[in-house]
Amino acid sequence: ELEPEQIMNMSMEELVAFLQDKGKNRFEKPEEIATFLKKLARSSYRLDKAMADPVNISLATTLSVIQHLESEVKKLDKEIAKIMKGIPQTLMSVKGIGPVFAAGILAEIGGIDRFPDHHALAKYAGLVWSQHQSGEFEADETSRMRTGNKYLRYYLVQAADSVRKHDAEYAAFYQKKYDEVPKHKHKRALVLSARKLVRLVFMLLKTNTLYTPPERRNP
Numbered sequence: 001e002l003e004p005e006q007i008m009n010m011s012m013e014e015l016v017a018f019l020q021d022k023g024k025n026r027f028e029k030p031e032e033i034a035t036f037l038k039k040l041a042r043s044s045y046r047l048d049k050a051m052a053d054p055v056n057i058s059l060a061t062t063l064s065v066i067q068h069l070e071s072e073v074k075k076l077d078k079e080i081a082k083i084m085k086g087i088p089q090t091l092m093s094v095k096g097i098g099p100v101f102a103a104g105i106l107a108e109i110g111g112i113d114r115f116p117d118h119h120a121l122a123k124y125a126g127l128v129w130s131q132h133q134s135g136e137f138e139a140d141e142t143s144r145m146r147t148g149n150k151y152l153r154y155y156l157v158q159a160a161d162s163v164r165k166h167d168a169e170y171a172a173f174y175q176k177k178y179d180e181v182p183k184h185k186h187k188r189a190l191v192l193s194a195r196k197l198v199r200l201v202f203m204l205l206k207t208n209t210l211y212t213p214p215e216r217r218n219p
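Heads up: the sequence shown at position 99 corresponds to 99 in UniProt numbering, and the numbers run straight through without jumps.
Check the hints yourself; a few may be wrong.
As the list claims (entries may be wrong) - Dumping the calculated EDC-like pairs for lysine to aspartate or glutamate here, alpha-carbon to alpha-carbon at most 20 Å:
hint, residue 1, residue 2
1, Lys183, Asp161
2, Lys123, Glu108
3, Lys39, Glu13
4, Lys29, Glu72
5, Lys38, Glu13
6, Lys95, Glu169
7, Lys95, Asp161
8, Lys29, Glu70
9, Lys38, Glu3
Because the hints were derived from the structure by calculation, they are not lab data.
Modelling step: build the complete structure from the supplied sequences, incorporating the hints.
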């Protein structure tokens with residue numbers, strides 16, 4: 001078992017390797033766990049010997065629970081992927097939207113015919129605000145966003161974050177919005193990117209067509 005001082009003295013690479021070894025390579029994101037343990041070690045204090053064993057047992061149990069939950073998530077992801085194979089791949093034609101994001105978006109939208117246009121879909125997701133609010137990103141805008149379907153909004157925002165890393169058009173849009181304001185830069189740019197993604201999602205589902213990335217479009 002590792003003590004806080006040992007964790008502090010280990011490099012990130014050594015700690016990640018230790019976690020992978022003890023977890024038999026089952027941790028999904030060992031770097032994040034290692035970072036969390038480093039943070040805990042920095043804020044900890046030397047324990048009395050009588051407390052060392054209980055704390056070590058607690059940490060070992062926590063890591064075991066994390067490992068189990070990650071294993072269960074992987075199983076669910078595989079089942080979702082199987083189900084999505086029998087559904088038209090319109091959303092997954094967008095690089096960055098995998099079966100989990102696509103399944104979540106489809107499940108929360110229900111039938112796309114429920115919405116007359118992308119504005120209605122955006123309102124349902126809570127991705128609506130005034131021009132002033134989108135620029136300043138004030139508290140009023142946050143309150144407004146919470147009125148929509150929080151699950152659909154979550155999937156759209158997370159999908160937008162993934163898409164911007166794979167699609168040049170969304171990467172440029174995100175960066176433009178990021179550079180427009182001095183504060184709340186990432187959060188604002190990401191939410192506005194999600195609003196842009198709503199238009200694409202609506203169009204793909206409404207027309208049942210596949211997405212054409214910027215590099216493959218005719219000039």
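Going down the list of hints, with the structure as the test:
1. Lys183 / Asp161: Given pair lysine 183, aspartate 161 holds - Cα atoms ~18 Å apart, limit 20 Å.
2. Lys123 / Glu108: With Cα atoms ~13 Å apart, lysine 123 and glutamate 108 stay inside 20 Å; holds.
3. Lys39 / Glu13: holds (15 Å)
4. Lys29 / Glu72: holds (14 Å)
5. Lys38 / Glu13: holds (12 Å)
6. Lys95 / Glu169: holds (12 Å)
7. Lys95 / Asp161: holds (11 Å)
8. Lys29 / Glu70: holds (9 Å)
9. Lys38 / Glu3: Given that 20 Å is the threshold and the Cα spacing comes to 11 Å, the pair holds.
Figure legend: structure checked against the earlier numbered hints; every hint is met.
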